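Chain by chain, the residues:
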Amino acid sequence: MDFPFEEKLIRGTTFLREFKENVDSSELIWHLDKEDRIVVPIESSGWKLQLDNELPKVLEEGKRYFIPKMTYHRVIKGKGDLRIKLTKLEN
Amino acid sequence: MKLTNEQLKQIIKEETQAVLFKPGLLEHVQTRTPLHENIFRVGSSCYFNTIKQGRHFYKMGLYEAVNEEERHMLENTDLGEWAMFEGEEVPLDFPMYEETLEEAKKKKKKDPPIGKPTKNTGGGKKYKVYVKNKKTGRIKKITYGDSKGGLKGNWNNAEARKNFASRHNCADKKDRTKAGYWACRAHKDFGTNVPGRFW
Chain A
1 MDFPFEEKLI RGTTFLREFK ENVDSSELIW HLDKEDRIVV PIESSGWKLQ
51 LDNELPKVLE EGKRYFIPKM TYHRVIKGKG DLRIKLTKLE N
Chain B
92 MKLTNEQLKQ IIKEETQAVL FKPGLLEHVQ TRTPLHENIF RVGSSCYFNT
142 IKQGRHFYKM GLYEAVNEEE RHMLENTDLG EWAMFEGEEV PLDFPMYEET
192 LEEAKKKKKK DPPIGKPTKN TGGGKKYKVY VKNKKTGRIK KITYGDSKGG
242 LKGNWNNAEA RKNFASRHNC ADKKDRTKAG YWACRAHKDF GTNVPGRFW
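Residue numbers (my numbering), protein chains in the order written: chain A, 1 to 91; chain B, 92 to 290.
Since the hints were made in silico from the structure, they are not lab data.
Note that this is a predicted model, so its numbers are computed, not measured.
One should not assume that every hint holds.
Straight-line alpha carbon distances no greater than 20 Å define the calculated EDC-like cross-link-like pairs of lysine to aspartate or glutamate that follow [unchecked claim]:
(1) A:Lys63 x A:Asp81
(2) B:Lys216 x B:Asp280
(3) A:Lys8 x A:Glu21
(4) A:Lys57 x B:Glu118
(5) B:Lys264 x B:Asp280
(6) A:Lys20 x A:Glu60
(7) B:Lys113 x A:Asp52
(8) B:Lys143 x A:Asp52
(9) B:Lys143 x B:Glu159
(10) B:Lys279 x B:Asp184
(11) B:Lys253 x B:Asp280
(12) A:Lys77 x A:Asp2
(13) B:Lys113 x A:Glu54
(14) A:Lys48 x A:Asp36
(15) B:Lys143 x A:Glu54
(16) A:Lys8 x A:Glu61
(17) A:Lys69 x A:Asp36
(18) A:Lys85 x A:Glu35
(19) A:Lys77 x B:Glu128
(20) B:Lys150 x B:Glu166
(21) A:Lys77 x B:Glu177
(22) B:Lys279 x B:Asp263
(23) B:Lys231 x B:Glu190
(24) B:Lys150 x B:Glu106
(25) A:Lys48 x B:Glu128
(26) A:Lys57 x B:Glu128
(27) A:Lys79 x A:Glu60
(28) B:Lys265 x B:Asp184
(29) A:Lys85 x A:Asp33
(30) B:Lys223 x B:Glu177
(31) B:Lys279 x A:Glu27
(32) A:Lys48 x B:Glu118
(33) B:Lys279 x A:Glu54
(34) B:Lys223 x B:Asp184
Isolated chain B (complex conformation) (with noise of 0.2 Å):
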């Protein structure tokens, strides 16, 4: 039998794949799972890693995007990548909750730190997520979300979903150094079961 250059490529292509993959990004590549519907828990260290692989790879050329959004990610994202943000180490294009001032009291009374300082939290907005600008390479702390209600409101309203996004113009917002992006995306990162983009 003999074989084309392009299924020879594919081989050596899979053979370097299971050498070189950690078996998470593997076993993406294999059930043909995008890394943005991750097989690991969100937010734990597999997590970020078997981007921050996948990404590294897709620039050598040896991990294929399964579809435009994970693609999207792959190239215009710095998720799986950590830095500095005064003097912490944060994840970025990571969307989380922000600890309100009345949350962090209430912890604070349950399970007071003992000798260790902690900084003051709060700021009004529900999530927050460090992004870097990729034109200064500066990180930027970005909190969105009214606190009380705004955005969760109605996800899984279809016509409330759509109204929202006209009102906010969320088909025009695409710089991720701004709220406004991760606000219209907030779905994404917080909701249950909400299909896709709202515009």
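Chain A extracted, bound-state conformation (with noise of 0.2 Å):
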């Protein structure tokens, strides 16, 4: 399955994902993961990350963000790439 994002392993479980500019917003879906995680935008301008039944919240630098799991969310886009530090946290 092709993924909308690049990513690399940090250490353990925790992953350096970057969606580039020109990712087509319709492959941004509505997902859910099984396990919680925590997000922490390292490059974002305009990116949104929306749970659902919630307003879509513009992900801030540094911020932390924490997806509960079989929570369904998504990313809406912004402008430029779209880095983040995102760690699974096990079950």
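Put the two chains together into one complex; each comes in its own frame, and the hints tell you how they fit.
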């Protein structure tokens, strides 16, 4: 399966994930993951994170965002590339 | 500075919206996003609630439709409303996949419900939708789409789309209580990146 991002393992269960500026918005679909996740944006301009039944939140660089397991969520495209540090928490 | 009546009306309207509208609907107003392009996940509780609330305020003249498609949805459909059908609460005018007998069996094997009687699903069609007959007030279940291919076929192929629309007289399918209406619009509900209407 093709994903709309590139990912590099930093250590353990922490990854550096990069969404390119030219990614097609339609590829950024609602989905859920089987483990809790913590996201820390490293580079983000206007990109948003939206959890199910919540309004989209602007991803601010350096801030921590928690995505509970099995909760639908999606990323909404902003300007430039989006680079995040993503940690998959053990169940 | 003197305000005109129109400007005053607009200010009062915006203030009223800010007080009465839930944040989701307010976001739609502020971003001028039509409710059929809902900011919430299709099928989520906020998705249905926002549409229901939008229609409520549309009827009161407090919410304005952004385009013709949204106006049609607010005036002619029951999307956002729920009703009882055979003892089950179902969303109206909301197309869904119809679980085939095979899929139901597979699911059953994987995750058998314990001590809970379940209904036999199936029926051979791929999609289903519950609609309310405006005249009788009755809820009707409509199934459509060949379970083996059929509708899904070539939504992304312009020529195939045109042929489909002409073969099925899509331009004349305006009755929401008929399978043909939904079959002609299935690409909007289940397709990926399929542009507008076929006809």
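Results for each hint:
1. A:Lys63 x A:Asp81: 17 Å, holds
2. B:Lys216 x B:Asp280: Within the cut-off at roughly 15 Å; holds.
3. A:Lys8 x A:Glu21: Holds, at roughly 18 Å.
4. A:Lys57 x B:Glu118: Between A:Lys57 and B:Glu118 the Cα gap is close to 12 Å, so the pair holds against 20 Å.
5. B:Lys264 x B:Asp280: Holds, at roughly 16 Å.
6. A:Lys20 x A:Glu60: 17 Å, holds
7. B:Lys113 x A:Asp52: Holds. B:Lys113 to A:Asp52 sits at ~16 Å (cutoff 20 Å).
8. B:Lys143 x A:Asp52: 18 Å, holds
9. B:Lys143 x B:Glu159: 18 Å, holds
10. B:Lys279 x B:Asp184: 13 Å, holds
11. B:Lys253 x B:Asp280: 18 Å, holds
12. A:Lys77 x A:Asp2: 18 Å, holds
13. B:Lys113 x A:Glu54: Holds: B:Lys113 and A:Glu54 sit about 11 Å apart, inside 20 Å.
14. A:Lys48 x A:Asp36: Holds. A:Lys48 to A:Asp36 sits at ~18 Å (cutoff 20 Å).
15. B:Lys143 x A:Glu54: Answer holds: B:Lys143 to A:Glu54 is near 17 Å, not above 20 Å.
16. A:Lys8 x A:Glu61: 19 Å, holds
17. A:Lys69 x A:Asp36: 4 Å, holds
18. A:Lys85 x A:Glu35: 16 Å, holds
19. A:Lys77 x B:Glu128: Holds, at about 16 Å.
20. B:Lys150 x B:Glu166: It holds: about 9 Å lies between the C-alpha atoms, which stays within 20 Å.
21. A:Lys77 x B:Glu177: 42 Å, violated
22. B:Lys279 x B:Asp263: It holds: about 17 Å lies between the C-alpha atoms, which stays within 20 Å.
23. B:Lys231 x B:Glu190: Status holds; Cα separation ~17 Å.
24. B:Lys150 x B:Glu106: 18 Å, holds
25. A:Lys48 x B:Glu128: 17 Å, holds
26. A:Lys57 x B:Glu128: Holds, because 18 Å separates the two Cα atoms, which is no more than 20 Å.
27. A:Lys79 x A:Glu60: Answer holds: A:Lys79 to A:Glu60 is near 13 Å, not above 20 Å.
28. B:Lys265 x B:Asp184: Satisfied, since the Cα-Cα distance of roughly 14 Å is no more than 20 Å.
29. A:Lys85 x A:Asp33: The given pair, whose Cα atoms are some 16 Å apart, holds under the 20 Å limit.
30. B:Lys223 x B:Glu177: Distance of about 14 Å is within 20 Å: holds.
31. B:Lys279 x A:Glu27: 17 Å, holds
32. A:Lys48 x B:Glu118: Within the cut-off at roughly 14 Å; holds.
33. B:Lys279 x A:Glu54: Roughly 24 Å between the alpha carbons, so the hint for B:Lys279 and A:Glu54 is violated.
34. B:Lys223 x B:Asp184: Status holds; Cα separation ~8 Å.
Hint compliance for this structure: hints 21, 33 are not met, and every other hint is.
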